[in-house]
Amino acid sequence: MTIWSTMRRAIAMASRSLIRQPARATLGVLGVAAVGALLLDMLLLSEGLIVSMRDLLARTGYDVRVTATEDLPRNGPRLHDVQTTLATIAALPAVRSALAVRFVDAEVNLAPDMTIDVSLEGVTGQAPHPWTVLRGRDIRDAGEVVVNDSIVTASGVAPGAELMLQADCGAGTEALPQSRLRVVGVADFPFELTNEHTIGTTLETATAACGAEGPLQASVILVTSAGDPDAAVKAIRTARPDLGAATNEQVLGRIQETGFTYFRQISSVLTTITLSFALLLIAVLLTVSVNQRLGEIAALRALGFSRGRVVADVLCESALIVGSGGLLSLPTGAVLAAFLDRILKNMPGIPSELHFFVFQPSALELHIALLAATAVLAALYPMHIVARLPIAATLRDQVAE
Amino acid sequence: MTDTIIEAQSISRVFQMPAGPVTAVRDVSLYVRSGDYIGLRGPSGCGKSTLLHILGCVDTPTSGTLLFDGRDVAVLPDAARSLLRLRQIGFIFQRFFLLPMLTAWENVELPQSEAGIGKAERDRRTRELLDYVGLGARADHRPAQLSGGEMQRVAIARALANRPRLLLADEPTGELDEATGEQIAMLLDRVNADGTALVVATHDATLAGRARRELTMRDGHVERETSR
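Residue numbers (my numbering), protein chains in the order written: chain A, 1 to 401; chain B, 402 to 629.
What the hints contain is simulated information worked out from the structure, not anything from laboratory work. Where a beta carbon is used, it is the ideal one built from N, C-alpha and C, also for glycine.
If you only want the chain A side, here are some residues facing chain B, beta carbon under 10 Å, derived: (1) Ala-12; (2) Ser-17; (3) Ile-19; (4) Arg-293; (5) Leu-303; (6) Ser-306; (7) Gly-308; (8) Ile-391; (9) Ala-393.
Where chain A lies over chain B, by a calculated footprint (3+ residues, C-beta under 8 Å): (10) 457–468; (11) 476–483; (12) 500–506; (13) 513–527.
Simulated DEER-style distance windows between Cβ atoms: (14) Thr-463/B / Leu-380/A: 27 to 33 Å; (15) Val-415/B / Val-376/A: 36 to 42 Å; (16) Glu-365/A / Val-415/B: 52 to 58 Å.
For reference, chain A alone in the conformation it holds in the complex:
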């Protein structure tokens, strides 16, 4: 008698047992589905931000970021003499193109007593702009801007309209004059925050809004390598050892060190807790079930069922409960993840394109592996009871009861 034929009969027996005891089966399956959904979400959360951020960084088309220091873009001091620096970097063989970007906080006057806060991105260089034009056209000359949909919704402006913008460029620039800018298009900015108002323009226009004259300054230079971002970083560091340069993966590493570790720790703790609940739930259900059926199991052993066979029955029952609950947990987990993602994305400072829960095949594989391990571990104790069951003593006890 092969192990396969034993398992096949055990699966058939466990299926019938569960189908004909619907209350117990439903309790087990729903419990595993709930716990499995949470487990799936925790696994998606543990890597979700990193995967989403990696995707976001890759989507912009730039694979190296150059800053004045080793700080993340927007967090450190500005790069000075941008035109010279940009020319030096763009001339490197390892670099295909480069674009300097300056971020400026500003206000747009919609009416005499109505303003909105905006984030201004001024760019210069030969690389494509870090936005995608949705309507109208892209900027060509100084004084032209593209705005995001959030501004369109707030102000009703359309391509061809004019905006009055007042920049806030740091200490000592509080009384800057207003700049008159012409809207030429509506664009999507990949790193814009939820409900953030964003304007894209030339670096010269942004600098002029800050009232500055002389060499241009920038927050970051976005570089597209010739194919090998590590080689591009090495070349930039050699050419300009005073600057910080990092590939997307290195930027991700810094982000992980600073903020994202928090979510991974939370997900690890919650994963452990949810798995413990699943383990306890199934172990209790199976142990109670086995203890209620000791007489039947002893009778089956007396009728010639092998020890391996009655143990396989318990294991298959556990596998069926966890398997059915696990299947149900996938759509449940997906719906729950979408709901939680919407809530978490309302946190301040989170780009609207960034997601906390991102599906990855590896998370699904780990989910399946953890549930399979839970099914086996939860069945260990009831399997031990069945394997060690003294047939004659159990039959005697059952009659005595």
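We have chain A; now place chain B onto it with these hints.
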């Protein structure tokens, strides 16, 4: 294969209890041949069930030898003993021990499936057995939908599923009223008449009296053997 199916040679069974050792079976020698009908009779606690369990290879004697077809059962590994029970020995219990989630049909089919018998042969044998015990019309009923007598009939059909040479019954009428018990006793008579060796442990003198050999037990040993 000898005519003697099973032979117990001076077997004893001692249980280690907190209050001290208790001898349930004391120096019993017994053989069961093909076609035998043996009644083990005695009051509760005299060792009938323990002797039956030893004969059924679900318990091991503390001393003495148990031979099945001339082979010492004590040296057989657990898996081999399970196979021996599956193919050669049938059990009937006082409390039936049918699987409640299975129908009468499925309960009878189960040991055949475990023995690796093909579907067509299982279907034929299951139908034949349920008709044999008079429950052909109740095949799709689950134990909870059957009376005590019907459950015991299903249990008898289940015990006969793999055509055992030896059928062991432990108080088979213990949970039944007198009339139903009589029907079960008649069914057991028929099973024996059709060629299956039968050992029935009972405290019921009437049931034990139907056997051709009646062994009266007291305090773990066979006090008297009567042949008819």
